[in-house]
Each structure stands twice: as structure tokens, then as C-alpha cells.
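Student: The listed protein sequences derive, respectively, from chains A and B. Counting in this note's numbering, the first sequence runs from 357 upward without gaps. Counting in this note's numbering, the second sequence runs from 103 upward without gaps.
What the hints contain is simulated information worked out from the structure, not anything from laboratory work. Incorrect hints may appear among the rest.
[As the list claims (entries may be wrong)] Label-pair distances were calculated between CB atoms; the ranges are:
hint, chain 1, residue 1, chain 2, residue 2, range
1, A, Ala524, B, Ser309, 22 to 32 angstroms
2, A, Trp513, B, Ala180, 56 to 66 angstroms
3, B, Leu253, A, Gln542, 40 to 50 angstroms
[Said to hold, decoys possible] From the structure, some residues in chain A lie toward chain B, with a derived Cβ separation under 7 angstroms:
hint, residue
4, Thr378
5, Arg389
6, Ile502
Ideal placement from N, C-alpha and C gives every residue a C-beta, glycine not left out.
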Amino acid sequence: MMDVNDELSELWCSQPCASAATKEDLVRMVEKRTRQFDRFILVRNVLESISAFAVTVIFAAMAARAPDVLQRAGLLIVAASGLWIIAFLLRYRRASFPADPSQELSCYRRALVERYDREIRLLKSVKYWYLLPPWIGLLTGSAGVILHAFRNGRLGWHDFIAPLIYTAFFTGVWWLNEVYGVAHLQAERARVLTIAGDHAEHL
Amino acid sequence: MREEIAPDWRKMDQSPARNFSRMRLPDWNQKTMLAQAMTRESPERVQECARRDMFVRLMEQYEPALRRLASGYAEQPADREDLFQEIAVGLWQAVPNFRGNASERTWLYRIAHNIAVSSSTRRRKRNQKEEPITDDTEFPGTFINGEQAVLRREKQALLLRAIRGLPTLDRQIVLLHLEGLNYAQIEEISGLSQTAIGSRLSRVRESLREGILSGGRGNDGRQR
Numbered sequence: 357m358m359d360v361n362d363e364l365s366e367l368w369c370s371q372p373c374a375s376a377a378t379k380e381d382l383v384r385m386v387e388k389r390t391r392q393f394d395r396f397i398l399v400r401n402v403l404e405s406i407s408a409f410a411v412t413v414i415f416a417a418m419a420a421r422a423p424d425v426l427q428r429a430g431l432l433i434v435a436a437s438g439l440w441i442i443a444f445l446l447r448y449r450r451a452s453f454p455a456d457p458s459q460e461l462s463c464y465r466r467a468l469v470e471r472y473d474r475e476i477r478l479l480k481s482v483k484y485w486y487l488l489p490p491w492i493g494l495l496t497g498s499a500g501v502i503l504h505a506f507r508n509g510r511l512g513w514h515d516f517i518a519p520l521i522y523t524a525f526f527t528g529v530w531w532l533n534e535v536y537g538v539a540h541l542q543a544e545r546a547r548v549l550t551i552a553g554d555h556a557e558h559l
Numbered sequence: 103m104r105e106e107i108a109p110d111w112r113k114m115d116q117s118p119a120r121n122f123s124r125m126r127l128p129d130w131n132q133k134t135m136l137a138q139a140m141t142r143e144s145p146e147r148v149q150e151c152a153r154r155d156m157f158v159r160l161m162e163q164y165e166p167a168l169r170r171l172a173s174g175y176a177e178q179p180a181d182r183e184d185l186f187q188e189i190a191v192g193l194w195q196a197v198p199n200f201r202g203n204a205s206e207r208t209w210l211y212r213i214a215h216n217i218a219v220s221s222s223t224r225r226r227k228r229n230q231k232e233e234p235i236t237d238d239t240e241f242p243g244t245f246i247n248g249e250q251a252v253l254r255r256e257k258q259a260l261l262l263r264a265i266r267g268l269p270t271l272d273r274q275i276v277l278l279h280l281e282g283l284n285y286a287q288i289e290e291i292s293g294l295s296q297t298a299i300g301s302r303l304s305r306v307r308e309s310l311r312e313g314i315l316s317g318g319r320g321n322d323g324r325q326r
């Protein structure tokens with residue numbers, strides 16, 4: 357009688373797994389996917405850098421034409437925050453590496469969990485490094501506008517619309533990152549943890 | 103007096119430093135240099151060719167095993183193909199970093215299983231939103247002959263279904279075992295002790311065997 361192990365192995369290994377692709381096709385496929393991924397990263401970084409640079413240039417030009425010191429200071433803070441955000445992001449990405457899949461299965465799970473933790477920390481700190489600098493700049497600029505209007509005796513309710521709009525917008529961005537984004541990442545992290553926990557039990 | 107000052111070239115030629123520098127030029131290096139000189143290719147191009155050669159060799163040797171592994175993780179044919187491609191890309195990226203610290207086989211299985219786990223974590227979420235398509239045509243092309251072939255296909259389908267139903271860690275161990283890896287190799291890949299592997303395997307094997315013999319009914323008697 358055939359051994360159970362042999363029977364299962366034989367059954368498993370006799371599955372037809374023929375591939376229609378030749379090895380050359382496979383090489384072309386992996387090269388294409390790798391190139392696509394590299395291009396995606398490059399395009400994303402370039403677009404982000406261009407937008408940050410555009411924000412800096414536009415707000416710096418507006419600051420040059422600002423009628424008073426407070427407005428100029430606010431616009432300059434926004435211009436500088438564009439550069440700060442892109443520098444922060446590029447530095448963060450340079451320091452973070454994907455988990456190496458050639459590690460032991462248990463180490464890889466730990467690396468995956470750590471990576472999720474890092475991403476979660478980044479999203480939770482969005483309010484400090486991403487939202488606060490431009491918001492303070494815009495608020496300072498708005499204070500300058502309001503003060504200017506007050507001095508000229510033309511202060512009206514419409515002067516408070518802009519601060520309300522961008523504060524609402526910034527609140528939305530904060531919610532998307534810190535509430536929605538973090539919840540999504542925590543769900544993925546929990547899925548990896550169930551596997552890692554299963555693993556840790558038997559080490 | 104003059105003889106004492108003059109260097110002894112014969113001795114210097116046999117100095118350990120020179121011998122050491124000779125020892126540090128292994129055959130492959132000379133061949134690579136020769137290949138570069140002959141083809142006038144840049145070192146990057148030569149490395150790329152070496153990477154391609156190793157990748158093709160790995161695929162020739164392990165493609166069926168990797169496809170079987172993908173079928174153990176992904177139910178839908180499109181997902182299986184996608185997972186297989188992800189594993190291939192992962193291997194392509196890892197090939198230049200292979201240092202030979204572990205055996206090629208265990209290194210390859212580590213990468214494949216790790217990618218399969220992270221990929222199936224993402225896929226599980228996506229599939230929760232989509233209506234699953236049941237894949238009953240598991241084994242197109244298993245043609246032995248007549249009834250025997252049908253029975254065999256049925257058994258294979260049951261085995262596959264039972265494996266997919268296992269918790270991730272059990273599934274990994276049993277997949278490695280079915281591919282013919284021994285306990286030491288599974289330990290090297292998973293990081294689990296051989297005792298833990300042994301006890302898990304005996305339990306899982308028994309449940310798989312029962313699952314197949316009972317025609318896909320689990321211990322609770324329900325059809326899976």
C-alpha cells in the first residue's frame with residue numbers, strides 16, 4: 357500500500373501546471389512590470405516635486421506683491437512649507453525600504469508589521485508636517501488681509517470666508533489621512549498580525 | 103653588503119601577499135573579465151546577463167512548483183496567474199542579492215511564500231468586495247484515461263480545496279512538505295522548530311487525508 361505522504365505528494369505534484377509563456381516571455385514580463393513600477397515611482401516623485409515647486413513659486417510671487425508685512429509673512433510661510441513638505445516626503449521615502457522577502461517567514465511578517473506601523477505613524481503625524489505649516493501661513497496671511505480691511509474701514513463677513521474654506525479643506529485632508537487612511541492600514545496590519553501571531557505561538 | 107640591500111625578487115614573488123592576490127582571482131572572475139573583453143560590454147550589461155541567466159534557470163527548474171504554490175493561495179485563475187507573476191517579479195528583483203548563504207531552493211521558497219502571503223492579504227480584502235467566481239475546472243488537461251482520470255482530478259481538486267482552507271502557517275508548511283522539502287529545509291524557510299513542524303504536519307496530513315477520503319467533507323461532516 358502506498359504511504360499517505362507519498363500519495364499526497366504525488367497527487368499534489370502531478371497537477372498540470374504548464375505555462376503557455378516561454379521563458380523569454382517571462383523575462384519580458386518581469387522587466388516590463390519592474391520598469392512600470394520604477395516609472396510610476398519616478399512620475400509620482402516628479403509630479404509631487406513640481407507641485408511643491410509651483411506652490412512655492414506662486415506664493416513667493418504673491419508675497420512679493422503683498423501690501424503689508426503680515427500678509428507677506430503668511431504667504432512666505434506657505435511658500436516655504438511647499439519645499440518643506442516635499443523635502444520631508446523624499447527623506448522619508450529614502451529611509452524606508454520594502455520588507456525583504458528573502459527573510460525567514462516569521463522575520464518577514466515582523467518586517468511587514470513594522471512597515472505598517474511606520475506608515476500609520478506617518479499618517480497620524482500628517483497634521484504636524486503636512487497641514488500645520490501651510491495652514492499657519494494661510495491663517496497669518498488672512499490675519500493680514502482682515503487687519504488691512506479693518507484699518508481701511510472695509511471689514512465685512514466676506515473676509516472670513518476664505519479662512520473658513522481652507523480650514524474646512526484642511527480638516528477634510530486630516531480626516532482622510534488620520535481617520536480613514538489609518539483605519540485602512542490598521543485593518544491590513546491586523547490581517548498580517550493574525551498570521552504573525554499564529555507563527556509566534558509555535559516558535 | 104650590496105647583496106643584503108638588494109631585494110630578493112625570487113622571494114618577493116613567492117610572498118604571501120602575492121599568493122593571496124592570486125587566490126582572490128577565482129575562475130568566474132577571470133571568465134567575466136574575458137567575456138567583457140570579448141564582447142566589449144559594460145559591467146552593468148554583464149551583470150544584467152548573469153541575472154537573466156539565473157532567472158531563466160530558476161524558472162526552468164521551479165516554474166511548475168511556483169505555479170502549484172500560487173494555486174494553493176489563490177482560488178481564481180486570474181488571481182493565480184497574477185500571484186505567479188508577482189512571485190516572478192519578486193525573484194527577478196531578489197536575484198542580484200542572492201549570496202548563497204542559504205540553498206537556492208530554500209531561498210526561492212522563502213521569497214515565493216512571503217510574496218504569496220502579502221499578496222493574499224491584499225487580495226482577500228479585494229475579493230470581499232467582489233462576488234467570488236467558483237472555479238470548478240481546477241485541472242484542465244489532466245488526461246490519464248477514463249474513470250481513473252476523473253477520480254484523480256476529483257482527488258486533486260479536493261486536496262487543493264482542503265489546502266486552501268488551512269490557516270496560513272499550516273498551508274505553508276504542508277505546501278513545502280508536499281513539494282518534497284525535509285524538516286530541516288522547512289525550518290530554514292519558516293523559522294519554526296522541527297518539533298513544531300513535525301507535530302503540525304502530522305495533524306494537517308491526517309485532516310487532508312480524511313478530507314480527500316470523505317469527498318471534501320470536513321470533520322464536522324459539512325461539505326466544503
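Student: Each hint should be assessed against the structure and marked as holding or not.
Tutor: Here is how each hint holds up against the structure:
1. Between Ala524(A) and Ser309(B) the beta carbon distance is about 56 angstroms. The supplied range of 22 to 32 angstroms is therefore violated.
2. Distance hint for Trp513(A) and Ala180(B): a CB-CB separation of about 57 angstroms, consistent with the stated range 56 to 66 angstroms.
3. Between Leu253(B) and Gln542(A), the C-beta spacing of about 47 angstroms keeps the proposed range 40 to 50 angstroms intact.
4. Hint status for Thr378(A): violated, given a least beta-carbon distance of 10 angstroms to chain B, over 7 angstroms.
5. Evaluation of the Arg389(A) hint against chain B yields a held restraint, the C-beta minimum of about 5 angstroms falling below 7 angstroms.
6. A least Cβ separation of about 47 angstroms between Ile502(A) and chain B goes past the 7 angstroms threshold, and the interface hint is therefore violated.
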